[in-house]
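Here the protein sequences line up with chains S and L, keeping their order. Those letters in the first sequence? Residues 1 to 116, per our numbering, in order. Those letters in the second sequence? Residues 1001 to 1113, per our numbering, in order.
Note that these hints are calculated values from the structure, not bench results. All figures in this text were calculated on a predicted structure; none of them were measured in a lab. Treat the hints with care, as some may be off.
Claimed, not checked - Away from chain S, derived, C-beta distances all over 12 Å, residues of chain L:
no.: 1; residue: V1013
no.: 2; residue: E1015
no.: 3; residue: G1016
no.: 4; residue: L1019
no.: 5; residue: Q1051
no.: 6; residue: E1056
no.: 7; residue: A1079
no.: 8; residue: Q1081
no.: 9; residue: A1086
no.: 10; residue: A1091
no.: 11; residue: G1094
no.: 12; residue: N1112
As the list claims (entries may be wrong) - Simulated pairs of lysine-lysine, BS3-like, Cα-Cα distance not exceeding 30 Å:
no.: 13; chain 1: S; residue 1: K57; chain 2: L; residue 2: K1068
no.: 14; chain 1: S; residue 1: K57; chain 2: S; residue 2: K42
no.: 15; chain 1: S; residue 1: K83; chain 2: L; residue 2: K1042
no.: 16; chain 1: S; residue 1: K57; chain 2: S; residue 2: K78
no.: 17; chain 1: L; residue 1: K1001; chain 2: L; residue 2: K1068
no.: 18; chain 1: L; residue 1: K1001; chain 2: L; residue 2: K1042
no.: 19; chain 1: S; residue 1: K83; chain 2: L; residue 2: K1068
no.: 20; chain 1: L; residue 1: K1001; chain 2: S; residue 2: K42
no.: 21; chain 1: S; residue 1: K78; chain 2: S; residue 2: K42
no.: 22; chain 1: S; residue 1: K42; chain 2: S; residue 2: K83
no.: 23; chain 1: S; residue 1: K78; chain 2: L; residue 2: K1068
no.: 24; chain 1: S; residue 1: K57; chain 2: S; residue 2: K83
no.: 25; chain 1: L; residue 1: K1042; chain 2: S; residue 2: K78
no.: 26; chain 1: L; residue 1: K1042; chain 2: S; residue 2: K42
no.: 27; chain 1: L; residue 1: K1001; chain 2: S; residue 2: K83
no.: 28; chain 1: S; residue 1: K57; chain 2: L; residue 2: K1001
no.: 29; chain 1: S; residue 1: K57; chain 2: L; residue 2: K1042
Positions of the beta carbon are idealized from the N, C-alpha and C atoms, including for glycine.
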Amino acid sequence: EPEVTQTPSHQVTQMGQEVILRCVPISNHLYFYWYRQILGQKVEFLVSFYNNEISEKSEIFDDQFSVERPDGSNFTLKIRSTKLEDSAMYFCASRWREGNSHGELFFGEGSRLTVL
Amino acid sequence: KQEVTQIPAALSVPEGENLVLNCSFTDSAIYNLQWFRQDPGKGLTSLLLIQSSQREQTSGRLNASLDKSSGRSTLYIAASQPGDSATYLCAVNGAGNNRKLIWGLGTSLAVNP
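Extracted from the complex, chain L is given alone in its bound form (with noise of 0.2 Å):
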């Protein structure tokens, strides 16, 4: 069974730095990790998307990795910004057909000014 896990489960940093989340995952059979962010009490946006034959995305200031073999995945978000405080959270798209997502309970960042 398909478990996420997110590491740390909390961030509070200063404003402009370059910092790193981590996600990992027990089956490496999967088909893609999408990376969301959650504003408090609000919905799911979709950040980036990895398939698994890939080995990074990058948007804008975020670059997502993925070491499937290791069960790995990593955000890292550069120069941050108060605006990027919000949870961050990790899916994993199973190999099934109904590419159901299994996620991680998230990391809350908090960006200070």
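The following block holds chain S by itself, in its conformation from the complex (with noise of 0.2 Å):
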């Protein structure tokens, strides 16, 4: 069964470092996500991404964060600067057209990140 998948499944890193995190989407989906959850807390969304650009974006995605396509299979979150209260579980997500599958999101097994 095609799955999204995610790399790495766990990273460490110092403030202030740039970290980029990487999903291969199921690969006929059309509609990309980054969703992610801190400890404790809700999953919370953060950018969706569709035809080559941002079609939505959080609060929380700002300027220290960005997405990116670079070929037909790759999806990548980027966080140049890494902050303390970046350490979270991130989660990306795909989906295909609505009447194929009624907009139902499939998900990584996540990434987690933890800022020192």
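Given two chains presented individually in distinct reference frames, assemble the corresponding complex, making use of the accompanying hints.
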């Protein structure tokens, strides 16, 4: 069964360092998302991406964050200068068009980011 | 602004019990609602998706219902097993084009053998 894959599964970094989290969405999906979950808190929407551009972003997604789809398969989240409060589990998700899947989102296993 | 609340926050039951998890949302203008399972430190596994036009969906021992007008959904788990122990998350998919999910905090379920 097709699945969303994320790497790395866990990354530890020093405050101020740049981090890139990688995702390979399901191959025929068109819409891509990043969510994050700080320990003990709700899952939060960060950004949605369609047709090679950001379609919506949350207040969390400030200038320190960026997303890219550099080729036909990868979808990346970059954090330019990490802060302690960026420590969280980051989830990538993707979906197909409405009519085929009723808007169901499929999630990866997550990338745990620890900022020291 | 859409808010999603899940009750109870935690639940501990003996094996074999039938149980109900509750999810409520403040804005009834939703496209669909998804229930997820999350094991500790792990990813998000989709369990059931209910379209706004549907009343319920079933998968094995799981049954999810939706009452959009009252802003409520329930997840019913029949004959619970220790392997069902996890956190169950409810997420509402808005009516906007981007289909972003708004999440509840989850119900942490422990099924004791």
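Each hint tested on the structure:
No Cβ of chain S approaches the Cβ of L:V1013 within 12 Å, the least distance being about 23 Å, so the stated non-interface status holds. For L:E1015, the condition that its CB be more than 12 Å from all CB atoms of chain S holds, with the nearest at approximately 27 Å. The Cβ of L:G1016 lies farther than 12 Å from every Cβ of chain S, with a closest approach of about 30 Å, so its non-interface assignment holds. With a closest Cβ-Cβ approach of about 22 Å to chain S, L:L1019 is found to remain outside the 12 Å limit, as its non-interface label requires.
The non-interface label for L:Q1051 is inconsistent with chain S: the shortest C-beta to C-beta separation is roughly 5 Å, within 12 Å. For L:E1056, the requirement that its beta carbon stay farther than 12 Å from each beta carbon of chain S is met, with the minimum near 15 Å. For L:A1079, the shortest C-beta to C-beta distance to chain S comes to about 26 Å, beyond the 12 Å cut-off, and the non-interface label holds. The beta carbon of L:Q1081 sits about 23 Å from the closest Cβ of chain S, which is more than 12 Å, so the claim that it is off the interface holds.
In this structure L:A1086 is separated from chain S by more than 12 Å, as the shortest Cβ-Cβ distance comes to about 14 Å. Here L:A1091 does not stay apart from chain S, with its beta-carbon only about 7 Å from theirs, under the 12 Å limit. Against the 12 Å criterion, L:G1094 falls within the reach of chain S, whose nearest CB is about 10 Å from its own CB. Even its closest Cβ contact with chain S, about 23 Å, leaves L:N1112 beyond 12 Å, as expected for a residue assigned away from the interface.
A distance of roughly 26 Å separates the Cα atoms of S:K57 and L:K1068; the hinted pair therefore holds under the 30 Å criterion. Taking the CA atoms of S:K57 and S:K42, the gap is about 17 Å. The hint holds against a cut of 30 Å. Between the alpha carbons of S:K83 and L:K1042 the distance comes to roughly 23 Å, so the proposed pair stays at or under 30 Å and holds. Proximity of S:K57 to S:K78 is assessed by CA-CA distance (about 14 Å); at most 30 Å being required, the pair is judged to hold.
Note on L:K1001 and L:K1068: the hinted pairing holds, with a Cα-Cα distance of about 16 Å set against a maximum of 30 Å. For a cut-off of 30 Å, the pair hint linking L:K1001 to L:K1042 stands: about 28 Å separates their Cα positions. Simply put, S:K83 and L:K1068 have alpha-carbon atoms about 40 Å apart, too far for the 30 Å limit, and the pair is violated. Restraint check for L:K1001 and S:K42: the C-alpha separation of about 15 Å stays at or below 30 Å, so the hint holds.
In summary, the hint linking S:K78 to S:K42 is supported, as the alpha carbons are separated by about 21 Å, within the 30 Å threshold. A threshold of 30 Å between alpha carbons decides the hint, and for S:K42 with S:K83 the separation of about 19 Å falls inside it, so the pair holds. Taken as a hint, the S:K78 and L:K1068 pair is broken in the structure, with Cα atoms around 37 Å apart against an allowance of 30 Å. For the suggested pair S:K57 and S:K83, the alpha carbons sit about 19 Å apart, so the restraint of at most 30 Å is met.
The hinted pair formed by L:K1042 and S:K78 meets the criterion: a straight-line CA distance of about 21 Å does not exceed 30 Å. The hinted pair formed by L:K1042 and S:K42 meets the criterion: a straight-line CA distance of about 14 Å does not exceed 30 Å. Distance hint between L:K1001 and S:K83 is fulfilled; the C-alpha atoms sit about 28 Å from each other, no more than 30 Å. The hinted pair formed by S:K57 and L:K1001 meets the criterion: a straight-line CA distance of about 15 Å does not exceed 30 Å.
In summary, the hint linking S:K57 to L:K1042 is supported, as the alpha carbons are separated by about 24 Å, within the 30 Å threshold.
When held up to the earlier numbered hints, the structure conflicts with 5, 10, 11, 19 and 23 and fits the remainder.
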